[in-house]
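All chains should be modelled from the sequences, with the hints used to inform the complete structure.
Listed in order, the protein sequences are those of chains A and B.
The numbers in numbering that gives the first Met the number 0 rise by one with no breaks, and the one at position 147 of the first sequence is 146.
The numbers in numbering that gives the first Met the number 0 rise by one with no breaks, and the one at position 90 of the second sequence is 89.
Any given hint could be a false lead.
For chains that are exact copies, the list does not tell them apart, and a pair is met inside one copy or across any two.
Said to hold, decoys possible - Simulated pairs of lysine-lysine, DSS-like, Cα-Cα distance not exceeding 25 Å:
1. Lys122 - Lys1
2. Lys31 - Lys110
3. Lys31 - Lys152
4. Lys181 - Lys92
5. Lys181 - Lys237
6. Lys31 - Lys338
7. Lys257 - Lys31
Derived by calculation from the structure, the hints in this document are not laboratory data.
There are 2 protein chains.
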Amino acid sequence: MKDCINVGLLGAGTVGGGVLQVMERNASDIAKKVGLPVRVLKICDRQLEAMKKEFGDGYEYTAEADDVLTDPRIDIVAELIGREHPAKEFIQKALEQGKNVVTANKDVIAKFGGELLELAQAKGLDLLFEASVCGGIPIISPLKTSMAANKIKSIMGIVNGTTNYMLSKMQDEHLDYDAVLKEAQAKGYAESDPTADVGGLDAARKIVILSSIAFNTRVSLEDVHIEGIEKIEACDIKYAQDMGYVVKLLALAKNGPKYGVSVAVQPTMLPMDHPLASVNGVFNAVFIQGDAIGEAMFLGLGAGRYPTASSVCGDIIETARNILRHSTGRIGCGCFEEKRLCPPDKMHYPTYIRMKVADQPGALAAIAAAFGAQNVSLRNVLQKNRKGDEFAEVVVITHSVPETNLATAVQVLSVLPMVKKVCTVIRVEDRTLD
Amino acid sequence: MKDCINVGLLGAGTVGGGVLQVMERNASDIAKKVGLPVRVLKICDRQLEAMKKEFGDGYEYTAEADDVLTDPRIDIVAELIGREHPAKEFIQKALEQGKNVVTANKDVIAKFGGELLELAQAKGLDLLFEASVCGGIPIISPLKTSMAANKIKSIMGIVNGTTNYMLSKMQDEHLDYDAVLKEAQAKGYAESDPTADVGGLDAARKIVILSSIAFNTRVSLEDVHIEGIEKIEACDIKYAQDMGYVVKLLALAKNGPKYGVSVAVQPTMLPMDHPLASVNGVFNAVFIQGDAIGEAMFLGLGAGRYPTASSVCGDIIETARNILRHSTGRIGCGCFEEKRLCPPDKMHYPTYIRMKVADQPGALAAIAAAFGAQNVSLRNVLQKNRKGDEFAEVVVITHSVPETNLATAVQVLSVLPMVKKVCTVIRVEDRTLD
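This is how it looks when you write it as structure tokens:
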């Protein structure tokens, strides 16, 4: 009979340090909840001396991952170093050594989740990764347990705090993209190279993980249509507001019974009364539609030391309970469905388009005709002529149309002589329009 | 080795019927997720013939609960008949017979949860009750798993759909309480005897369950300060809006390190940018503050056939997985803390008070003096004189003050000669004011 569950920590930086603090602070409650004490036994980090100074002599320290991965006393390895390599190899080795693994690493899970989960399953071990998506928000576990009886129809998430902070700021203070990005960088909300956030890659990794679980199939990064927020201008947000919408960078995944799965990250206009519309600043949220649950939303802090530690420690507790009851690996990977991707001509939604157009008679008629020729019907049309500007701004929202028709219409419009530029194309998510 | 997990259903009405449909519709996915088929074997309901007609001959039927409770083939009993008795006795007998139990019954869990969970624990069985609070919203399981590493500081919930629908309606359409209640009854959103909903008892049962789990202590109905929405008038909602607040019936539970637990159901003014403020109509939501997670909110449909069935079936799946891995009872009751209730003089919050006051010189000064004498300082004061009315309306919001001081101030005010009536007293929940 064990008298303690031992955890080995790979990486004691922002998240790892938070995990140490939470496990220590709430140790007595956690022991009662699990039925045995759960303690961090060994810490692996390159900054050995700094770590010893910060966390004291209650732990063993090493700079070699192998000292954790092969230590027979260690039951659970918490991988918190981030990035693809060598994190993936560490997780793999831990599993091969018969150790359960908890990780916050979305890069590894989005790319190698399939093979690693299969390895864990073959070994009868837990590989849990709640913290890899939306920091503190419990979403992976609820999808695999409380909501497990549902056929999930769609997931829509605000899963990137940087872009949500930026878009909220552009909306509230009528600022331009560049100004807001600079401010976000100055405040530490955006990295000096913000590409992965503003370009949508970070969100794409998260929706790959969420949709794989929700649809029981292995979605990969290549399946995701990715668009960032770089092209969104303050005026788009203003027009959206005037028409009753807000602009959010959404990670979207839908699973239609007929045509299968579509997954995208793109700026999206949401009606103001949608539960996701009021999720502002650094908050994240995931909105789920299922055949039994109807609609549900999970909101919380998507990043940060302690929220992320909350999820990591929750996974450690779950694994510890399983170890105690000899039931590790009790919830498998669950990707039992063949992947069936929805063809682009079967995807359809309303779309917002903003154009610069020659301010001359017949221009609007020609534009309307171009849309009509592709069977794209229009729901809202707005023309704004600015004094002294030879071009007018035309904004339309289409009815729900197949993506392919819309793409052709936009192509045709771009070469019309009276259209100077198609400036912005934004998907509209509006249940009342479908 | 079992080849199937067998469920016995007590009650096949609204929720039970939904459970049957969901289990049947998604049977193949559920079997893959669990590792074995999970089927409803036997249905117990008084309306035998109607049941047979509705659900067909794929099930065994009985009108005697004992036929389910003592059937050795049955692994899981789903108790869905509601109310305290005989549901409590059925759950108890099922556990005594060695069967795992899933229930949606908040009345039983709020009142007898302690003894039943102890019995389940002693027998090493699962007794799960996700559906007993907020229908389809996963909240009990996340509290016991993903958030288990947190010290939960507070729970605030909109947990009663009837009152939330009514308050939303009063706000959006400026209608009076009586008119809205009648409409809600006509639409089936309120029962013909609405007392348990509008009076707060239904919400109280739910916060008893949630706070017991969150604070690891056995909160009981007697510990809850209960106020309903009966006294809220349309003008209170209007004044609240003018000052940047909305009025919600909140179920609140706080756990302070110094003074312990306080639990209440009462109309509460929330700032408009609070995540709970935009939860309207029949939606429910639970807002949690924890020492690691920070803030999180869970939103969804709090009632209804399929959302409730979603939670019941999720619990059935969880139990089936545990049966298969011989790990039923793996997550215990968790009420390991002695109950420590916060004394009333240690509770404090800002408060909104509306009074009818004689429209005469010195009235406001006398009122302000009465507050001051009890050390209650005022943050907002609003006086409205209606043409032709001999009384003016005075509305104040106090700074955060101890409940006892406030109660004395209100008592003193009510007997002041120039105060005709203290009409409404509403707690204000405002993090920026504390």
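Hints and how they fare:
no.: 1; hint: Lys122 - Lys1; in the structure: both (20 Å within a copy, 22 Å between copies)
no.: 2; hint: Lys31 - Lys110; in the structure: between (36 Å within a copy, 24 Å between copies)
no.: 3; hint: Lys31 - Lys152; in the structure: between (38 Å within a copy, 18 Å between copies)
no.: 4; hint: Lys181 - Lys92; in the structure: neither (41 Å within a copy, 65 Å between copies)
no.: 5; hint: Lys181 - Lys237; in the structure: within (21 Å within a copy, 41 Å between copies)
no.: 6; hint: Lys31 - Lys338; in the structure: between (42 Å within a copy, 16 Å between copies)
no.: 7; hint: Lys257 - Lys31; in the structure: between (49 Å within a copy, 21 Å between copies)
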